[in-house]
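Two chains, two frames, a set of hints: combine them into the complex.
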Amino acid sequence: MNNRLNLALGTLTALLMVTAIYMVFVFVPTEADQGIVQRIFYFHVPCAWVAFAAFGLVAICGIFYLWLGQDIWDDLGYAAAEIGMVFCTLVLVTGSIWAKPIWGTWWTWDSRLTTTLILWLLYGGYLMLRAMADDTPQVARFAAVIGIVAAADVPVVVVSVRLWRTIHPAVLVTRQGGHGLEDPRMVATLLVALAAFTTLFVWLLILRFATLRMRTRLATMARDLNLAYAAAGDF
Amino acid sequence: MDNFGYLFAAYSIIFAVIFLYVVFIWRRQSRLEVELRAIEARLKEVREEIDSRAAPQSRSAQ
Numbered sequence: 002m003n004n005r006l007n008l009a010l011g012t013l014t015a016l017l018m019v020t021a022i023y024m025v026f027v028f029v030p031t032e033a034d035q036g037i038v039q040r041i042f043y044f045h046v047p048c049a050w051v052a053f054a055a056f057g058l059v060a061i062c063g064i065f066y067l068w069l070g071q072d073i074w075d076d077l078g079y080a081a082a083e084i085g086m087v088f089c090t091l092v093l094v095t096g097s098i099w100a101k102p103i104w105g106t107w108w109t110w111d112s113r114l115t116t117t118l119i120l121w122l123l124y125g126g127y128l129m130l131r132a133m134a135d136d137t138p139q140v141a142r143f144a145a146v147i148g149i150v151a152a153a154d155v156p157v158v159v160v161s162v163r164l165w166r167t168i169h170p171a172v173l174v175t176r177q178g179g180h181g182l183e184d185p186r187m188v189a190t191l192l193v194a195l196a197a198f199t200t201l202f203v204w205l206l207i208l209r210f211a212t213l214r215m216r217t218r219l220a221t222m223a224r225d226l227n228l229a230y231a232a233a234g235d236f
Numbered sequence: 157m158d159n160f161g162y163l164f165a166a167y168s169i170i171f172a173v174i175f176l177y178v179v180f181i182w183r184r185q186s187r188l189e190v191e192l193r194a195i196e197a198r199l200k201e202v203r204e205e206i207d208s209r210a211a212p213q214s215r216s217a218q
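In order, the protein sequence lines correspond to chains A and B. Plus 1 on top of the position in the first sequence (first one is 1) and you've got my numbering. Plus 156 on top of the position in the second sequence (first one is 1) and you've got my numbering.
Take these hints with a grain of salt, some might be off.
[To be verified] Capping the alpha-carbon separation at 25 Å, the derived lysine to aspartate or glutamate pairs in DMTMM-like fashion look like this:
| hint | chain 1 | residue 1 | chain 2 | residue 2 |
| --- | --- | --- | --- | --- |
| 1 | A | Lys-101 | A | Asp-111 |
| 2 | A | Lys-101 | A | Glu-32 |
| 3 | A | Lys-101 | B | Asp-158 |
| 4 | B | Lys-200 | A | Asp-225 |
| 5 | A | Lys-101 | A | Glu-183 |
| 6 | B | Lys-200 | B | Glu-189 |
The hints are simulated quantities; they were obtained by calculation from the structure and are not laboratory data.
Isolated chain B (complex conformation) (with noise of 0.2 Å):
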């Protein structure tokens, strides 16, 4: 069993680093769903808000 400690630091190091590198893309990609959703929230807002002051103008003009 000699070097054991060799095999098991390369193992280690393959399976962290890889554990590691898959919880940063799932947080990346939870942060962007948050966002993702924030920014259509708010852009269906501002459609809302352009459509109701439009709505008078478009029947003052008739």
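Okay, chain A solo, but in the shape it has when bound (with noise of 0.2 Å):
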């Protein structure tokens, strides 16, 4: 890839996610009902964001791998699987740091937690038949299923809170209507979270669809190496 993308990417997520932490621990007032452990919402939110953009993602690349059984689309969906596999684990793990001295529990069968897990389940068994299998056109083809109807479940985690009864806080719309955050700052922090993630997606997306490009290639490459071989032995 591009070195000078690459580097000018790197450089505005490092400097977001400078300005995200400055805002999170110096800049936010602290929530008066939960009091410092509310900070991880800051970063929860955006994991959570990013992990629902590339599980989408997944399913758009799986829908052109279909369409158009370019292995391009096969590699950006894979890459998109992997970043958002990581990104649901971090919506569980700090999620669940959170819960401990909020609800009194690591984990309850709510059902935001619930369907999130559901849908790192489903990811999950993506990423291993990715890993397990062989890189076939049929293992392609049978990834682009799975992730296409895995994303079925990104919905259903975002509207579980209006539709079933949860304890898990509706902050971004609430119940009620309108949105759970009574400052400003609380907002703006959130919105610069949210910036700072988004960069770091676009980012680690084109890294590691670089090197699943660059690992096509040298499949190819290793296809050409035995033709040659083959054709070495001919004479």
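Right, here's the structure in full:
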């Protein structure tokens, strides 16, 4: 990939991330009810946003792969699924750490938590298929179908706090409408953190996609080399 | 400062995981670049070998 673009995106991500950290730990006021532990929310929500965006991209790439059959869509979907899995894991872990002092338990079978865990398991299955099976067009087609079907859980996770009885806070859009952030500085901090994580997602996606494209190129060259060996053997 | 340990743990895990993932990608990329250069060199050698073998055969056919 273009080194200049890589450097520019990496620098922008680092700057936004430092600003977000400053805002989380210095700028934003402490929430009255939950205290200092509420600050986990400012990175927990962006992690969820990245995971959902990544899984949505997996579904879009899956559709394009099934339609066009070009391996570029398969590689992009694979890269997005891996990044989505990393951030979905962070959502579950940071949510659990927040839940312990607030709810008094690391885990509860709440609708938001359960649907998020199902999402994590579905894409875990997707990545296991990619890791354990050979890189054949048939496996890529199976993976594309799994990626599309699994992404149907993303809107379920998002609306779960409105559909079912839940103890998970509905902060961005409350059950009464509007958002649950009482101070404009909280909104500003969340927006900066969302921007930081969005650029981080794009940067990681480009890096990982470049690696997967190189792997595909390597596989093509290995086939060429085998053909060349066979041709050399004919002499 | 109640529950600071939870806050510290959450942010430490986030940054550690992101850092490890970036390291994983870079190491993977470096390894693939080495493999790619090796296979390119080998492919060039084999092609040159085929060309060198093909040249005398085409001369003798003439």
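Now the hints, each set against the structure:
1. Lys-101(A) / Asp-111(A): Measuring from Cα to Cα gives roughly 14 Å; hence the hint holds.
2. Lys-101(A) / Glu-32(A): It holds: about 17 Å lies between the C-alpha atoms, which stays within 25 Å.
3. Lys-101(A) / Asp-158(B): The hint holds at about 13 Å.
4. Lys-200(B) / Asp-225(A): Holds, at roughly 11 Å.
5. Lys-101(A) / Glu-183(A): OK: Lys-101(A) and Glu-183(A) at ~23 Å, within 25 Å.
6. Lys-200(B) / Glu-189(B): holds (16 Å)
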